[in-house]
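J.: Next come the chains, spelled out residue by residue.
There are 2 protein chains.
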Amino acid sequence: MSDQPARRQLSLNLFINGVGHHEAAWRHPSTRVEELFTAGYHHELAQHAERAAFDAIFFADGPVLSPGIEFNSAAHLEPILTLASVAAVTTHIGLIATASTTFYDPYNLARLFATLDHLSGGRAGWNIVTTAASAAAANFGLDEHPDPSERYARAGEFVEVATRLWDSWQDDAVLADRATGRFADPSRIHPAAFRGEHLRVAGALNAPRPPQGHPVLVQAGASNEGRAFASRHAEAIFTAHQQLSDAQAFYSDIKAGVERYGRRPDQVKILPGISPFLGGTEAEARALEREFNELTVPEYGLRQLATLAEATFDVADLDRPVPLDVFADAGDVTDNNRSRRQVVAGIVRREQPTLRELLHRLAGARGHRVVAGTPEQVADTITEWFTHGAADGFNVMPPYLPGGIEAFTEHVVPLLRARGLFREGYTGTTLRDHLGLDRPVNRYATAPETEPALAGV
Amino acid sequence: MSDQPARRQLSLNLFINGVGHHEAAWRHPSTRVEELFTAGYHHELAQHAERAAFDAIFFADGPVLSPGIEFNSAAHLEPILTLASVAAVTTHIGLIATASTTFYDPYNLARLFATLDHLSGGRAGWNIVTTAASAAAANFGLDEHPDPSERYARAGEFVEVATRLWDSWQDDAVLADRATGRFADPSRIHPAAFRGEHLRVAGALNAPRPPQGHPVLVQAGASNEGRAFASRHAEAIFTAHQQLSDAQAFYSDIKAGVERYGRRPDQVKILPGISPFLGGTEAEARALEREFNELTVPEYGLRQLATLAEATFDVADLDRPVPLDVFADAGDVTDNNRSRRQVVAGIVRREQPTLRELLHRLAGARGHRVVAGTPEQVADTITEWFTHGAADGFNVMPPYLPGGIEAFTEHVVPLLRARGLFREGYTGTTLRDHLGLDRPVNRYATAPETEPALAGV
Chain A
28 MSDQPARRQL SLNLFINGVG HHEAAWRHPS TRVEELFTAG YHHELAQHAE
78 RAAFDAIFFA DGPVLSPGIE FNSAAHLEPI LTLASVAAVT THIGLIATAS
128 TTFYDPYNLA RLFATLDHLS GGRAGWNIVT TAASAAAANF GLDEHPDPSE
178 RYARAGEFVE VATRLWDSWQ DDAVLADRAT GRFADPSRIH PAAFRGEHLR
228 VAGALNAPRP PQGHPVLVQA GASNEGRAFA SRHAEAIFTA HQQLSDAQAF
278 YSDIKAGVER YGRRPDQVKI LPGISPFLGG TEAEARALER EFNELTVPEY
328 GLRQLATLAE ATFDVADLDR PVPLDVFADA GDVTDNNRSR RQVVAGIVRR
378 EQPTLRELLH RLAGARGHRV VAGTPEQVAD TITEWFTHGA ADGFNVMPPY
428 LPGGIEAFTE HVVPLLRARG LFREGYTGTT LRDHLGLDRP VNRYATAPET
478 EPALAGV
Chain B
28 MSDQPARRQL SLNLFINGVG HHEAAWRHPS TRVEELFTAG YHHELAQHAE
78 RAAFDAIFFA DGPVLSPGIE FNSAAHLEPI LTLASVAAVT THIGLIATAS
128 TTFYDPYNLA RLFATLDHLS GGRAGWNIVT TAASAAAANF GLDEHPDPSE
178 RYARAGEFVE VATRLWDSWQ DDAVLADRAT GRFADPSRIH PAAFRGEHLR
228 VAGALNAPRP PQGHPVLVQA GASNEGRAFA SRHAEAIFTA HQQLSDAQAF
278 YSDIKAGVER YGRRPDQVKI LPGISPFLGG TEAEARALER EFNELTVPEY
328 GLRQLATLAE ATFDVADLDR PVPLDVFADA GDVTDNNRSR RQVVAGIVRR
378 EQPTLRELLH RLAGARGHRV VAGTPEQVAD TITEWFTHGA ADGFNVMPPY
428 LPGGIEAFTE HVVPLLRARG LFREGYTGTT LRDHLGLDRP VNRYATAPET
478 EPALAGV
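Top to bottom, those sequences are chains A and B.
Quick note, this note's numbering runs 27 ahead of the 1-based positions in the first sequence.
Quick note, this note's numbering runs 27 ahead of the 1-based positions in the second sequence.
Treat the hints as calculated values from the structure; they're not laboratory data.
Since the model is a prediction, treat every value here as computed from it, not as a measurement.
Cβ coordinates follow ideal geometry from the N, Cα and C atoms, glycine included.
Check each hint, because a few of them may be wrong.
[Stated by the list, open to error] Not the full set, but computed from the structure, chain B residues with beta-carbon under 10 Å of chain A:
| no. | residue |
| --- | --- |
| 1 | His70 |
| 2 | Glu71 |
| 3 | Pro106 |
| 4 | Arg227 |
| 5 | Gln275 |
| 6 | Gly306 |
| 7 | Leu335 |
Input sequences plus hints: build the corresponding full structure.
T.: Here it is as structure tokens:
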């Protein structure tokens, strides 16, 4: 792989998290938290990323209010709708929304993503999550949050149902034949007819097949269940790694898993997160990172850390070293917590930080890799990971917005282009085009299909 | 009411049903069924209605594929998302989407509508339905479709939960105080804490209160349960009447019901459907209607009629009179079917049509009032209903699109303006402004609230 750098192209994705991924971004004078719940703010970010020919923008999501809301701007609009709004003012950029298989009905969610793909002319992606936040369950009438294995069992059925629904209309099911009065050929429309352990869905979707066949399936879970699910279903994977070696191990593990499922490894794109602080010199970049770290509210960080560690921390200990044993694995943590704990345990082991230093390390991007450096240094890191079997591209997680993405597209993207690693402009119109993913064949297609009768389908 | 015609203003709403409300609209050369699943088609219609200062556009919906798809273009995009797309290319027009309380979780749906209201700067409306189509149940894992009383019981709880969620952030809950690091005041954020018979929702919404307080609540059920529900909850009501006297009876019944619930009658707008064929002369208008009727596929119409009548019909009988007893009330029909049957029974009784004539009568707008006439005649009908206690405005249901709405705005709207019944342009920015509805007071508000910290909130 690393011997074809001129032909293989990076995927770059803008992960939009409110006014930035740094937890204190909203306090920085350059960010515009007052506009967080407006369409215009999101339009501006998406249009900026589109001008740089990014593959997609992406929103995380969970159907529950963050308990840290007092000190963190962790409220947000529903992402599928926000992307429908963005779709109307953009023409090329991919639109990836997170949605939960645990807390949605598949018929509703398949419709929402099919609609987003139609409205955007084939630019939709679905980041499939099972929702780790246990407080969400009580928003949906459940007494207990389903455990990870049950959540993933439902998720597997959910993806099967959703893909059946997206396939339910063959590409040539719409006739729109004014002369005969036949709008659709019922023999080319197929009921989902799914009866699983968790889900039952009888009918066909009430809209034609989406332009991309189905939205690009994205996944981000790092647990064992998450990796197995990703190997089987995902077409793109968002992942968090601090170290090249960890990222390489994950990359080979997933690509091997993908092959075991009889899929082509190049049809699954692995995109680690990177949260860059950029400066004219490394010292300037580090000073910028420090400026944000100094805006953090320790009370907030300690609460977050307490949840992760299942231990309590005291403000009085901020300048003492974090005890090495606090992040040892416990048997009763949830799987998702465990994979995030592993990241934190690695930081504590390698860097032996004070509590304050650890909070600052975690303030950046919740376990994703924060880099502070010159554009050349950041481009070097990206190039190294891309050409050494650790990444097919990156999920760019600016610590602050819009400034952080502006700095990246202005200073880093030109370097990547000069190295032949990133396109000058779009060469296709769909998210699948940008990522180099095939359009899935409809499971009911038996013969070469005729030209569809509908625009954009 | 009729003695203040100069001050009271009509509400006009564009009900977008694919390429028109006439069942054969898609076969007409003027319609563009090929664009039915594109954003651009919907943008164009919404922008047209906005130039005419209409109150809103509206989409019906149901989470199930119509069995008549072979002969009817009865497939469609999900309306909330479609309206989010429309919101991005419009500035004033209201955006009303139908969504089912039977087949959505309230936390998800409350978020979707809160987001639509934020993205549009306060233009969202929710047409609350319980979904009469029994086939939908099997798309959601249910063995049986809940009966109307159970559906309405759940709907009542659903609206209570949804309004609690929309109120969960007081208008001044967001502090966004960079200096202190406090983003929100947790004492001004309230959990839904709802435990009903059908629904349980624990937490608060994960986004601030929508600009309108909550989306405008719309309702359309004509059954007894539907009327009681509307009197209690609805702020606008879509209704179907063939005759002035029926519309007047409905109007007084609802306004009286509204008062019984302690609500102000002027805070509930009653909007009958009207589907106009316009011509330079009445004969031209009738010829246009005939042109569409002749495009109908009798096989389709007979199937629809069979479902409604719970009887079978034969193509050989098309030119014989419809037996008067076919639409007598039966005990086991669903309530929704019963209210539609009553409309059809009235037509059969009054007009004694042949089967073909009845199919043509029903081809227009599924029981809504079809009028064929000159712009003056249509404006006269609208004026009569508006000034004689039958309507606060109209849900305009063009038989074909975009031509039918273009004819209406070009020829009828100027007459209504000349009579002082319809505004020249918008006087406000939200859907509540257009309809003359108050912004609901937050149930948790105790003192005069300070200025909100967020744009558009």
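J.: Next, verify each hint and record whether it holds.
T.: Tested hints:
1. Nearest Cβ of chain A to the Cβ of B/His70: about 7 Å, under the 10 Å cut. The hint holds.
2. Look at B/Glu71: its Cβ only gets to about 12 Å from chain A, farther than 10 Å, so that hint breaks.
3. A distance limit of 10 Å between C-beta atoms decides the matter here; for B/Pro106 the minimum to chain A is near 9 Å, and the interface restraint holds.
4. Taking 10 Å as the C-beta cut-off, the interface hint given for B/Arg227 holds, the closest approach to chain A being about 4 Å.
5. For B/Gln275, the interface hint is violated, the least distance from its beta-carbon to any beta-carbon of chain A being 36 Å, above 10 Å.
6. Look at B/Gly306: its Cβ only gets to about 23 Å from chain A, farther than 10 Å, so that hint breaks.
7. Below 10 Å, beta-carbon pairs count as interface contacts, and B/Leu335 has none with chain A, the closest being about 20 Å; its hint is therefore violated.
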